[in-house]
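Residue numbers (this note's numbering), protein chains in the order written: chain E, 1 to 332; chain G, 1001 to 1332; chain D, 2001 to 2332; chain X, 3001 to 3332.
Fair warning: there could be bad hints in the mix.
[What the hints assert, rightly or not] Pairs of lysine-lysine, DSBU-like flavour, derived with a Cα cap of 30 angstroms:
hint	chain 1	residue 1	chain 2	residue 2
1	X	K3140	X	K3187
2	X	K3145	E	K259
3	X	K3145	X	K3127
4	G	K1259	D	K2069
5	G	K1045	D	K2259
6	G	K1221	G	K1187
7	E	K140	E	K8
8	E	K6	X	K3140
9	E	K8	X	K3127
10	D	K2187	E	K187
11	E	K64	E	K259
12	D	K2221	X	K3221
13	D	K2127	D	K2069
14	E	K127	E	K221
15	E	K45	D	K2006
16	G	K1006	D	K2069
17	D	K2006	G	K1008
[Said to hold, decoys possible] Restraint-style ranges between C-beta atoms, simulated for each label pair:
hint	chain 1	residue 1	chain 2	residue 2	range
18	G	K1221	X	G3205	49 to 59 angstroms
19	X	T3033	D	F2207	27 to 37 angstroms
20	D	K2221	X	G3205	20 to 30 angstroms
[Claimed, not checked] Covered stretches of chain G (chain X as the covering partner; in silico rule of three or more C-beta atoms under 8 angstroms from a C-beta of chain X):
hint	region
21	1020-1034
22	1194-1204
No lab work stands behind these hints, which were simulated from the structure alone. Note that CB positions come from ideal geometry on N, CA and C, so glycine has one too.
Residues per chain, in single letters:
4 protein chains.
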Amino acid sequence: MKKSNKLKIGIVGANGYAGAEVLRLISAHPDCTLVVATSRANEGKRVCDVFPALPCPLVFSGMKDPLLKTCDAVFVALPQTAGASLVGELIDCGVRVIDLSADYRFDDTELYNGVYGVTHPRPDLNKLAVYGLCETARDKIRAAKLVANPGCYVTSVLLPMLPLCRAGLASNIIADSKSGVSGAGRKSDENYSYCNLDENFKAYGLFTHRHAPEISEKLGKEVLFTPHLLPVKRGILSTVYFTTPDPDAALEVLRGAYKSEPFVSYTDALPEIGHVAHTNRCMFSARFSGNRGIVISVIDNLLKGAAGQAVQNMNIMFGLDETAGLPQYSPI
Amino acid sequence: MKKSNKLKIGIVGANGYAGAEVLRLISAHPDCTLVVATSRANEGKRVCDVFPALPCPLVFSGMKDPLLKTCDAVFVALPQTAGASLVGELIDCGVRVIDLSADYRFDDTELYNGVYGVTHPRPDLNKLAVYGLCETARDKIRAAKLVANPGCYVTSVLLPMLPLCRAGLASNIIADSKSGVSGAGRKSDENYSYCNLDENFKAYGLFTHRHAPEISEKLGKEVLFTPHLLPVKRGILSTVYFTTPDPDAALEVLRGAYKSEPFVSYTDALPEIGHVAHTNRCMFSARFSGNRGIVISVIDNLLKGAAGQAVQNMNIMFGLDETAGLPQYSPI
Amino acid sequence: MKKSNKLKIGIVGANGYAGAEVLRLISAHPDCTLVVATSRANEGKRVCDVFPALPCPLVFSGMKDPLLKTCDAVFVALPQTAGASLVGELIDCGVRVIDLSADYRFDDTELYNGVYGVTHPRPDLNKLAVYGLCETARDKIRAAKLVANPGCYVTSVLLPMLPLCRAGLASNIIADSKSGVSGAGRKSDENYSYCNLDENFKAYGLFTHRHAPEISEKLGKEVLFTPHLLPVKRGILSTVYFTTPDPDAALEVLRGAYKSEPFVSYTDALPEIGHVAHTNRCMFSARFSGNRGIVISVIDNLLKGAAGQAVQNMNIMFGLDETAGLPQYSPI
Amino acid sequence: MKKSNKLKIGIVGANGYAGAEVLRLISAHPDCTLVVATSRANEGKRVCDVFPALPCPLVFSGMKDPLLKTCDAVFVALPQTAGASLVGELIDCGVRVIDLSADYRFDDTELYNGVYGVTHPRPDLNKLAVYGLCETARDKIRAAKLVANPGCYVTSVLLPMLPLCRAGLASNIIADSKSGVSGAGRKSDENYSYCNLDENFKAYGLFTHRHAPEISEKLGKEVLFTPHLLPVKRGILSTVYFTTPDPDAALEVLRGAYKSEPFVSYTDALPEIGHVAHTNRCMFSARFSGNRGIVISVIDNLLKGAAGQAVQNMNIMFGLDETAGLPQYSPI
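Chain E with its partners taken away, still in its complex shape:
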C-alpha cells in the first residue's frame, strides 16, 4: 500500500485521555495517516512538547482547522454536546465520524436529554447514528456515516449480557463495576490526586450514574449499576449478578456468542484486568449456583472501552482488517 492510499484521519479533542489514546493508536496504524489533531488548551503547541510520551510531529490545531474536512474519518472526543455542530458539518462534507461522547448513543433522544440534563443539539443526526458495539452491529457500522462509540462501563456489561438477554436468559441484573482512574478523564482536581486515590477505593454514583440508562436501553431491561474507582490507571472489571431460568443454556450462550471473534472471548478461568490492560480485548467468564449466575467481564476502559473500539469501528467502516493497529497481547 502506497502512502497516498492511507486513510486521512483527524482527531478532535486529542488532548483528553481518550483522544490522546486514539492519537497513539492511529500513529502506529499501518493504514492511516494522522493529518490533524485539535486541542483547545494546547492549540499551536507541538504534540510532543505537551506530551513527551507521544513523539508526534504534529502541532495541535483548533476546531476550525479546515484540514478536518479533508479527512476520510474524524474521531470526535469532546464533552457532551460540545461537538454537535462540528459533527454535522463534517458529515455534510462527506467525512465519516466516530463520536466518543454520549451524544449519539441513545435511541431515545428524550432519555438522553433527561440523563445528561441538556437538549440534544442535533436530534436529526441522532437518527443517522449507529451504536458502535462492534461485534453486535458490523453491517450497520460498515455503512454508517456516524458511529456513536459506546460507554466504557457499558461495553464491559453489554458484551456478555446482550446475548443472554436476547435469549431471555437473564433477569434481575445487578452490575457492580470497578474502573481505573483514567475513566474520569484528565483532571486538575484534588479528588483525583495521587495522595487521594493511591491505597484507596470507593463507590460513587449509586442509582444515578449516566451509564445505567445506556445499559438498560441497550439490554431492553432495567439494570442496577454501581460504579467504583480502582487505584489502577486502566481497566474495568464488571461483576454482573443475575437470575436465569436455565443455567446450562446460559453458559452455552456465553461460550458460543463470540466464538470466532478476535477481541471478545469466553474463558474458563476468571479473567482479570491485567489480562486485557493495554489491549482491545474483552474477556469474560461465568459461574452458576442454582438459578443465580455471575459474570465477570474485563476490558481496558481506554481501548475496548473507548479509543480501541473507536479504531475498530473505523476499521470496519473502511473495510480494513478489523484487528489492524489494535493490540491483542497484554504486557506485564
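Assemble the complex: chain E is given as a structure, and chains G, D and X must be docked to it using the hints.
Frame of chain E; chains G, D and X shown alone:
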C-alpha cells in the same frame, strides 16, 4: 498505673500479618506488656531483626514457651486447627484467649467441618467460645474465656447488615466485597507478587468463599458473597445489595444502630477505604431506590477486620477503656 | 494526669498535609488537648466533615481565633512568610511556637531571602529561633520560645551526615533523595494526579531545590542535592555519596552517634522506606569501598520529616516523655 | 510480503518476563512468524492457558525442540550459562542468535567469570559475539551471528554517557539508578510480594551489583553504580553525576549524539519513566553547574532494556525497518 499492673500478653503466630499487627498494637498499648511472641519460622531470632519495621526487643519463641501460660491473655493467630490443643491448654491454665482463626467462629460445628474440610479438634471448646463482633456482644465478651475473632470480610458485612436483618428489613442480600492484598496473608507465591497484582484487579472464590457461610450463619439468612482482590495493602469495601419492605425504616435503623459507638458509624457521604485504613473503625452509608437498598461499608482488614477487633475484644474482656491502644484517625 | 493538666494546643494551617498530620498526632497524644485548628479554606466546617478520615469534633476556625493565644503551644504550618506576623503575636503572648515552614530555619537571613525570593518579615524572631533537629539540639529546644522544624529532605540527610561532617569524615557529598508524593502538599494540579504519578518516577529541581542550601548551611559545606518523586504516599530515602579519609572511623561514628536514641538508629541491613513509614523513626546504614562511602537513610516525610519531629520538639520543650504520642512501629 | 517471506523466529525461555515480552513483540511484528517458544516450567501447555494475557496459539515446547534449528533467528532468554551449549548448536546450524543473558556481554571473559562466579562455558563463542547496544554498533550487529543484548541498567547509563566518555568529557561518574520490579524477573519470593514492595522503596547491591563492571568495561572507566527498587512494574531512571572539563561541549555532545535516531533522544525538559514506559525509547537530559553535570536518563527496562532492544537488534541483523514491531508512543 504501675508496670506490674499492666496485662501480660502473649501472641502465638506473631509472624503472620494479623499476628504481627497484634504485636504492633500491643507494643504501643498503654495497659499491656508483651511478654512472649511465638513464630515457628523465626524461633530464636529477634523480632527487630526479622522485621526491621518492628523495633521490638523480644526474641521469637516457640509454641511450647512456658511464658504463654503466665499471661493474662493470649492472642492466637494460627492457621485453621493448628492452635486447637494449645488454646485448650491455655484456657485450662486460666489464660483468656482471643483466637483469630475460624476455629471457633461457627455455632454449628458441622458447618465448620464442611466449610474448612476438617474435623473440629475441640467441639467442647467451641461451646465456650463467644463470637467477638464487639459492638453486638459486649456482655458475653466481658465474661468470655475464649473469644472467636470474626472474619475480615464478615465484619464489614455484619456490622451494617445485622441490625437490618434483626429488624426484618433486608432480604435477597448480595455482598460484593473488595479487599486489600494483606488479607491473603504473608506469602511467597507468584500470584501475590508485585508484578502480578499492581495495576490488576480480580474476583475469586465465586459461590465458594469460606466467609459466605460465616456471614449467612450470623445473619440467619443466605447471602451471596463475592470477594475481589484490590491493589492496595489494606482495607475492605463491601457493596451490599438488598431489598427492603421499608426503606425509611431501614435508613432509620442504620443511622441509629451504632450511635454512641467510638468505632462504628453511619455517615451521610459514601465512605472510602482511605477513611478507615490504619484505624479500627467501620464506616458505612446507604442509598435506596424503590425497594432496593445499597450499603457501602469500609474497614481496615487488618485492624477492625483482625488485630484491631482482637485488641478491642481484649479491652472489653479486661474492663479497659475500649478504645485504648486503637487508632481512630486515618493518616494520609 | 487530670484533663486540666494537659497541654492546650493550637494548629494553624491544619488543612495541609503536615498540619493535618499534627492534628492526627495531637488528637491521640496522652498529654495534649487540641483546642483550636485553623484553615482558611475550611473555616466554619467541622474537621470530620472535611476529612472523614479524621473524626475530630472541632470546627475549623480562622487565623484570628483568640483561642490561639490561650494555648501552651501552637504549631504553625503555613506557606513561607504567611505566618510571620502571627508567630510574633503568639510569642509576645507567651505562647511557644513550633513553625513548620522554612521561615526560621536559616541562621543566615540573607541566604533565606535569596533562596525563597522574599524579604524575611521578622529577622528579629529569626534570632530567637532554634533549629529543631531534635537529637542534635535538645538543650536549646528545651528552652526555646520558637522552634524552626527542619525540612523533610534535610532531616533525612542531616541525621547521618552531621556527625560525619563534624568529625571531618565526609567530603564531596552528593545526596540523591527520593520522596513520596505527600511531600508536595495538598494540590489540585494535574501534575500530581493519580494518572500522572502512578507507575511513574522523575527527578526535579536539579541544582536548584530549596533544601540544598538548608542542608549545606547546617553541614557547613556544599552539598549537591537532587530530589526525585516516588509513586508512594509517604517516605523519603536518601542515597548519600561521599569520600572519607577513614572509612573505619566513619563507620564507627555512624554506629555510635545515636546509640541511645529512641527514634534514630544505625542498622546493619540496608533500611527501606517501608521500615519507617507511619513512624517518627530515622534509620540509616552505610557501605564503604576504598575511600568512597554511601549512606542510605530513610524517614517518613510527614512524621520525622514534618509533623512527627514537630511533636517531638513539643515533647522536649515541655519536658514530656520524648516518645509520647509518636509511633515507633511501622505497619505493613 | 507473503507469509513465506516472514522471518521464522524461536524464543528460548519464553516463560520469563523478558522472554514473554519478546513473544509479545514478535507476535505483533509485521515481518516475523513465531514458530517455537520454549519453557521448562510450562512445556506442553498452551501459552494462552499459562498466560491469559498472551492469546498465543502456540504450545510451549522444550529446549530440545528441533524447530529451533529451522529458525532464522532465536532469542535466548535464560539465566547465566544455562543457554551456552544451545547457543553454540544453533550458530553451528546457521541460526542467528540474540542472547539476553550476560553470557556474551563482556569483552574480558575473566571479568565475566569473576563477576558471575562461573567459568564461561564457551569463550570461543564470546569472541564472535557483538555487544548489541544498537545505536552504537549497527555495522557489527548487521553482520553478527551472535548478539549479546546489553543489561537494562547498563543501557540507561551507556546511551548518554558513552558519547561523553568517548569525547573525554566525563569523569568521576556515579550512576544512581532506580528500576521497576519486573527487572528482578518472575519470582515466587516474599521479598517481591505486593505487600512488601507497594509503598516501599529500597537500595540494594551497593558496590557489588553485576551491572557495574559491565558499565565500566563499556565506558572504559570506573563507575560507581547503585541500583534501587521502585514500586512500579516497568521502567528505569538513572541519575548520573559526573564532572566535566567543559560543560558547553558536553551539552553539545549530548544534544548531537543521537540526532537522527528514532528511539534515542535528548530532551530539554527532564524525562520521566512515564514518557518511555511500554516503548523502545531512551530519553535523556542534562543540567550543569560549574564543572558538575547531571544526566537524567529513562528507558523501559523490559523493552529498550531487554526485549525491545533485542528485537531492534534482530531488525538490524536482517535489514528490516529498524522500528518495525517496536512501540514508540507511551500510553497513559
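Could you check the structure against the hints above and give me the numbers of any it violates, in ascending order? 1, 2, 4, 6, 8, 9, 11, 15, 16, 19 and 21
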